[in-house]
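With the hints as constraints, model all of the structure from the sequences given.
If you read the sequences in order, they're chains C and D.
Sequential numbering of the first sequence, starting at 90, is according to my numbering.
Sequential numbering of the second sequence, starting at 2, is according to my numbering.
Read the hints as simulated data drawn from the structure, not as lab findings.
One should not assume that every hint holds.
[Stated by the list, open to error] Within a straight-line C-alpha distance of at most 20 Å, the following computed EDC-like cross-link-like pairs (lysine to aspartate or glutamate) qualify:
#1 D:15 to C:595
#2 C:104 to C:231
#3 C:127 to C:284
#4 C:104 to C:284
#5 D:15 to C:512
#6 D:15 to C:510
#7 D:39 to D:27
#8 C:127 to C:257
#9 C:599 to C:532
#10 D:15 to D:26
#11 D:15 to D:36
#12 D:39 to C:512
#13 D:15 to C:508
#14 D:15 to D:32
#15 D:15 to C:519
#16 C:127 to C:458
#17 D:39 to D:19
#18 C:599 to C:519
#19 D:39 to D:16
#20 D:15 to D:45
#21 C:599 to D:45
#22 D:39 to D:68
#23 D:15 to C:509
#24 C:599 to C:509
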Amino acid sequence: MTADTPVTSAHVGLKRRMRPIYVAAFVQNVALWVPIEKLFMTGIGFDNGSVAFMAAAYAAVVPLLEVPSGIVADRWSRRGVLILAQAALVIAAVIGGLSPSVGVYIVSALFLGVFFALQSGTYESIVYDTLLEETGDSSGFEPTIGRIRFIESAGLVVGALAGGALAEVVPLRATYFLTVPFIIIGAISLLRFREPRLHRAEEGVSVRQQIAATYRTVLSRGALRPIVALLVLTALLMQAMLEFGPLWLVALAAPAWLYGLQWAGLMAALGVGGLLGGRLGLTRPITAAVIGATIVAACVVLTITHFLGPIVIAQVLLVLLVVAVSIPITGRLHDAVPSTIRAGVASGVGTLTWLTFLPFALLFGAVSDRSGVDDAGWTLGVVAVLTVLLLGWTVRGFIRSPAGVPLEPAFPADRFRPDDDPEWPGHWVDLPGGWEQPGVQIDTDATIAEVRDAITGLASPQHEVIVARDVERRSPSEVSEVLDLGPTDERDLLNQARGQVRNRIDRFLKEHRE
Amino acid sequence: MNRDLPADSDMACKDFVELITSYLDDALPHDVRADVEKHLGRCDGCHNVLAQWRTIITLTGRLTEADVDNTDEITRDRLIETLRGLRRR
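This is how it looks when you write it as structure tokens:
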């Protein structure tokens with residue numbers, strides 16, 4: 090047997106196992122109604138104001154459900170949550186197609202929001218954990234999630250072209266109903282997918298603990314914060330282009346065919362950006378600089394040009410690049426998050442995106458109403474500059490510490506009094522008791538087994554550091570060199586790892602002494 | 002000395018717990034190390050946690066690489082090769 094054999098068989102296994110996910114990702118995006126949606130909405134009484142209200146309504150539903158659905162996915166079943174998402178999409182399509190009025194259509198949009206919330210972050214989590222199970226590491230995450238983005242965009246392009254063609258020969262409503270079989274095929278395909286089990290490794294964790302860990306991870310300070318912020322900003326730019334991109338065409342009285350071309354371009358950009366993201370060398374300064382400059386330049390073009398060609402190209406380029414950048418950044422997020430809260434954290438990032446998008450959309454709309462869409466483009470420019478600055482800063486962190494993204498503090502924040510506590514800011518709420526007790530032995534086989542399980546369950550960077558330092562007894566400098574970590578990151582990761590092991594042993598000893 | 006609660010001007014416990022490994026590695030600047038030791042002299046909770054860190058290090062040292070392996074064979078072999086290479090240097 091050659092050294093390559095296990096890799097090949099693992100990759101073949103991965104490919105076979107992922108096939109149902111690829112099928113589902115394609116068919117659930119063949120949404121035949123999307124290209125004619127605005128036309129249909131106008132026909133049942135929508136105007137600009139009610140369109141904005143509808144967008145706000147579903148944008149408000151998504152953040153309400155994002156994190157709860159992610160936690161359900163982590164605790165119950167990610168595949169199950171994806172199938173529920175398909176059910177919500179079927180309901181949205183049926184109600185949308187039956188809608189006689191604005192009010193009913195908004196109900197349909199709310200179910201679309203439920204679909205977005207349920208599926209957001211769930212695919213990523215499935216992909217990451219499946220990779221870990223099949224290949225033993227996550228190095229294939231970026232190309233695999235990039236491939237899924239490409240397949241999704243292929244579905245969107247096919248849906249856009251087919252929907253536009255169908256609308257010529259059938260009533261507009263029919264495009265909604267004709268979409269339903271595709272969604273059902275997607276659900277059936279998901280049923281054939283063998284779900285990864287990693288996220289069920291710690292079923293003993295209470296719901297309260299899991300919710301606290303999820304929110305703490307999303308909102309905590311530390312190296313994860315710029316990654317979360319960058320994901321929110323790139324998603325904001327992408328969402329803004331998808332929602333408001335056509336307004337540039339409206340302002341310049343573009344011919345109808347250009348709307349289709351622009352939409353197809355944006356959908357293709359989602360896919361090509363996904364593929365590009367899997368191969369992007371963001372740690373090369375020149376690559377990061379070129380991408381950053383192009384993102385800002387695309388926004389500038391949108392604000393100063395009154396020619397349709399450059400505007401469509403700038404929009405497509407902007408979407409392509411922000412999607413490409415988001416792929417490796419998403420990989421960093423998942424590297425830093427244990428499997429038990431993976432979908433919840435990914436959904437938390439989605440929640441922050443929607444919560445950011447809501448005021449941004451209102452601001453964009455207000456500026457656009459007052460002084461035109463090109464002036465509103467400056468709001469995009471500001472977001473783009475922030476994105477690029479943060480990208481530069483985050484990428485520096487990648488170079489300094491490729492794996493060194495802190496997960497959690499050694500102790501949860503609620504173990505300490507708040508910083509504004511009048512008496513003891515930052516001190517223990519309850520002093521930790523000692524483990525040593527007269528006549529009680531700590532180093533039993535059961536305790537050592539618990540330590541082993543705690544270490545095995547650690548996420549990648551901490552696991553590697555604690556094994557190298559405390560099991561293999563390597564020196565700090567040796568571990569820093571092998572794992573390509575700075576000395577501070579190496580100690581921080583080790584401290585977090587020891588802290589997590591300590592907390593587990595503390596629980597274990599308390600349970601066994603009660 | 003009252004070891005039940007830390008003094009008002011003392012280092013915060015939440016800052017101490019982030020420094021335990023650096024303290025054990027003797028990697029803290031002298032003034033910070035002095036603050037840590039002053040804090041440890043006053044705070045029973047942190048004193049206990051430091052002892053627990055040492056216990057964890059001892060217990061972890063009883064394990065072998067195979068006990069805590071969650072990587073695939075190829076990645077592990079590469080890591081071991083790299084570590085061997087470093088040792089030879």
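Going down the list of hints, with the structure as the test:
Under the criterion of a C-alpha separation no larger than 20 Å, the hint pairing residue 15 of chain D with residue 595 of chain C is consistent with the structure, at around 18 Å. Distance restraint check for residue 104 of chain C and residue 231 of chain C: the Cα-Cα separation of roughly 15 Å lies within the 20 Å cut-off, and the hinted pair is therefore satisfied. Under the criterion of a C-alpha separation no larger than 20 Å, the hint pairing residue 127 of chain C with residue 284 of chain C is inconsistent with the structure, at around 37 Å. Among the hinted pairs, residue 104 of chain C with residue 284 of chain C is consistent with the structure: their alpha-carbon atoms are about 14 Å apart, no more than 20 Å.
For the hint linking residue 15 of chain D to residue 512 of chain C, the alpha-carbon distance of about 15 Å falls within 20 Å, and the restraint holds. For the hint pairing residue 15 of chain D with residue 510 of chain C, the CA-to-CA distance comes to about 13 Å; that is within 20 Å, so the pair holds. Taking the CA atoms of residue 39 of chain D and residue 27 of chain D, the gap is near 16 Å; set against the 20 Å cutoff, the hint holds. Between residue 127 of chain C and residue 257 of chain C the CA atoms are separated by roughly 15 Å; this keeps the pair inside 20 Å, and the hint holds.
About 15 Å separates the Cα atoms of residue 599 of chain C and residue 532 of chain C, which keeps this hinted pair within 20 Å; it holds. Proposed proximity of residue 15 of chain D and residue 26 of chain D is supported: the alpha carbons are some 19 Å apart, at most 20 Å. A hinted pair counts as satisfied when its Cα atoms are at most 20 Å apart, and residue 15 of chain D with residue 36 of chain D qualifies at roughly 14 Å. Our distance criterion of 20 Å between C-alpha atoms is met by residue 39 of chain D and residue 512 of chain C, whose separation comes to about 19 Å.
Our distance criterion of 20 Å between C-alpha atoms is met by residue 15 of chain D and residue 508 of chain C, whose separation comes to about 10 Å. Of the supplied pair hints, the one linking residue 15 of chain D and residue 32 of chain D holds, its CA atoms being roughly 18 Å apart against a limit of 20 Å. The suggested pairing of residue 15 of chain D with residue 519 of chain C holds, with an alpha-carbon distance near 12 Å, which does not exceed 20 Å. Among the hinted pairs, residue 127 of chain C with residue 458 of chain C is consistent with the structure: their alpha-carbon atoms are about 19 Å apart, no more than 20 Å.
Between the alpha carbons of residue 39 of chain D and residue 19 of chain D the distance comes to roughly 16 Å, so the proposed pair stays at or under 20 Å and holds. For the hint linking residue 599 of chain C to residue 519 of chain C, the alpha-carbon distance of about 15 Å falls within 20 Å, and the restraint holds. In summary, the hint linking residue 39 of chain D to residue 16 of chain D is supported, as the alpha carbons are separated by about 13 Å, within the 20 Å threshold. With a CA separation close to 14 Å, the supplied pair residue 15 of chain D and residue 45 of chain D stays within the 20 Å bound.
The hinted pair formed by residue 599 of chain C and residue 45 of chain D meets the criterion: a straight-line CA distance of about 18 Å does not exceed 20 Å. Our distance criterion of 20 Å between C-alpha atoms is broken by residue 39 of chain D and residue 68 of chain D, whose separation comes to about 38 Å. Restraint check: the Cα-Cα separation between residue 15 of chain D and residue 509 of chain C comes to about 14 Å, which is no more than 20 Å; the hinted pair holds. At roughly 31 Å between alpha-carbon atoms, residue 599 of chain C and residue 509 of chain C are farther apart than 20 Å, so this suggested pair is violated.
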